[in-house]
Amino acid sequence: MSASASRIGAVIRKELAEFRRNRLIVATAAVLPALFLIGPTASMLTIKASALSTALDKRVDYALFLPLLVPVLVPTLMSAYSVVGEREQGTLEPVLTTPVSGAELVIGKAAAIFMPAVALGYLIFGVFVAITQLAASSPVAAAVRQAPQLPAALVFIPLLAAWSIWVGLAISTRVSDTRVAQQLSVLGSLPPAALAALMSFQVISPTFGLAAALAGGLLAIDCAACLVVARMFDRERLVTGRQH
Amino acid sequence: MKLRLDREPGSVSQTGAEAAAPRGGTAPAIEVSHLTKNFGGRAAVADVSFTVARGEVFGFLGPNGAGKTTTVRILGTLISATAGSATVAGIPVGPATAAQIRQRISIMPESSGLYLRLTVTENLEYFARLYGLPRREARISEALAAVGLGDRAHDLAGSLSKGLRQRAALARSLLNDPAVMFLDEPTSGLDPVAAHGVLDLIAALRDRGVTVFLTTHRLEEAERLCDRVAIMNTSLRTIGRPDDLRRTLFTRSLDVTTAAPLAEPGRVFGGLAAVQGWQHGEQAGGGPAGYQLSVTNPAQAAPAVTRALVAAGADVLSIAESRHTLEDVYLQLVNDPGGRAQ
Chain A
1 MSASASRIGA
11 VIRKELAEFR
21 RNRLIVATAA
31 VLPALFLIGP
41 TASMLTIKAS
51 ALSTALDKRV
61 DYALFLPLLV
71 PVLVPTLMSA
81 YSVVGEREQG
91 TLEPVLTTPV
101 SGAELVIGKA
111 AAIFMPAVAL
121 GYLIFGVFVA
131 ITQLAASSPV
141 AAAVRQAPQL
151 PAALVFIPLL
161 AAWSIWVGLA
171 ISTRVSDTRV
181 AQQLSVLGSL
191 PPAALAALMS
201 FQVISPTFGL
211 AAALAGGLLA
221 IDCAACLVVA
231 RMFDRERLVT
241 GRQH
Chain B
1001 MKLRLDREPG
1011 SVSQTGAEAA
1021 APRGGTAPAI
1031 EVSHLTKNFG
1041 GRAAVADVSF
1051 TVARGEVFGF
1061 LGPNGAGKTT
1071 TVRILGTLIS
1081 ATAGSATVAG
1091 IPVGPATAAQ
1101 IRQRISIMPE
1111 SSGLYLRLTV
1121 TENLEYFARL
1131 YGLPRREARI
1141 SEALAAVGLG
1151 DRAHDLAGSL
1161 SKGLRQRAAL
1171 ARSLLNDPAV
1181 MFLDEPTSGL
1191 DPVAAHGVLD
1201 LIAALRDRGV
1211 TVFLTTHRLE
1221 EAERLCDRVA
1231 IMNTSLRTIG
1241 RPDDLRRTLF
1251 TRSLDVTTAA
1261 PLAEPGRVFG
1271 GLAAVQGWQH
1281 GEQAGGGPAG
1291 YQLSVTNPAQ
1301 AAPAVTRALV
1311 AAGADVLSIA
1321 ESRHTLEDVY
1331 LQLVNDPGGR
1341 AQ
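From first to last, the protein sequence lines are chains A and B.
Each residue of the first sequence is one higher than the one before, starting from 1 at the first, in the working numbering.
Each residue of the second sequence is one higher than the one before, starting from 1001 at the first, in the working numbering.
For the record, the hints were derived by calculation from the structure and aren't laboratory data.
A couple of the hints might just be wrong.
Rough simulated footprint, nothing fancy, chain B against chain A, three-plus residues with beta-carbon under 8 Å [to be verified]:
#, segment
1, 15 to 22
2, 92 to 106
3, 225 to 239
All C-beta atoms in this analysis are idealised placements derived from N, C-alpha and C, irrespective of residue type, glycine included.
The following block holds chain A by itself, in its conformation from the complex (with noise of 0.2 Å):
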């Protein structure tokens, strides 16, 4: 698979560009994200330094769990909505006539909403963080500071934003309706969801090693997609919406 830098970039920055100026997408995107904030913080500030602290290690589970949806929901549906909702506009075909290759195109799209996902995800984590260490009390302070999740965050993040965007994108190459993809890519999102679950209330204890056990084989999946839906952008299937 080759790919031209020059044309990845330029797919990003249009993308980027489209979301700029759309503002609906923006403060669509940005509910979420402040509700899985705006919860966590209040129930940790909300919390009685007297608590006992299996209480307390619950709310901050609970605390750390949320934030960490905002990765894989929130580039969920803009992936799903990024090739048919443009084969749908009619803006994809005239891309198709140019040189760009499927792999370039899908890469840029993904990188596109990679970033601002993952800028997004770190920013929840960081204010989240400030405000207890600043406003909560010392105890609660502490266990967030000192929560297991916190460090995997900073690696789980990104991955758990990658598969999500593969599986959108993956399902945006080959449906023909918008609310289908989205519908689907939900639904291919809930396996991430489920593992930020399992790690943020200590199912699966995020140890060191565990933890990179884990990113390792994400990051394995999250790459090996990225193959798969290079070779699943068909161009005669896009046009037509038939497979030839």
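Assemble chain B onto chain A, guided by the hints.
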């Protein structure tokens, strides 16, 4: 309207000298041989063969579902043929050469396909980058100037009228200095003024020597712009210059109108050697005092007919050669289930 877009130095497309060469004087821009495309069990394009010379404006006509867009998509490497072969800009069409062909052609689909939330310049910038063009800003300015959109460069595409969007799409198609331009229904849905503007631009492309492959339903456009036309209805029904097609399909005739219906038209026209046959104007779609005469040479027959009418005491209002439009040719061929291929 002037259309000028400087070609890149060292560009692989036509040079200025080639562009100025007589049409058809060089290797064909498009060669299609026995092209077939099936979708499931249905043939969308069946055994189609034709060539398009460099610098030619080639009209591709046919009813909805005739296979016009499918043919364009095959030649534009968007879809693959079931059988047959083709070359575009001298390059054989196939998976290995698809990107090379796409670099040298442009396709303007029926809808403009502009990103409505981006400005016109941003739309063109995106495509210039996808084509990997050098000196992008200059080329975008030239393309916009060529279609008369220089002053709307920074407007959002969504704020443009449909006619202006088509112009912007045409500017986008000019960016890569294509050797062959495929224009799919470029005036579809445009009002007459906007359509006229787009047709002027296509005429300017023709004058510049660009090979244009034009699919259209508007037969008057094809008649005005195209050097040759092909009429398609899954298979190729005919191909040729509009005048040649008219001559091939229709016998030459004279339309005669007199002030009052002739008492004995058979006696007036039947005795003329230059007239092979005649029918009353009402049968030929004219008025009660109109007649259509079959002749081999209208220029020689008209004076003899005039003399005969005057001798019969008729007041002649007009005598003119019958004019069959391309629409007549089209309807004759498309409605003929057997068709004819040349």
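Against the structure, the hints come out as follows:
1. 15 to 22: holds (count 4)
2. 92 to 106: Result for this restraint: holds, n = 10.
3. 225 to 239: holds (count 3)
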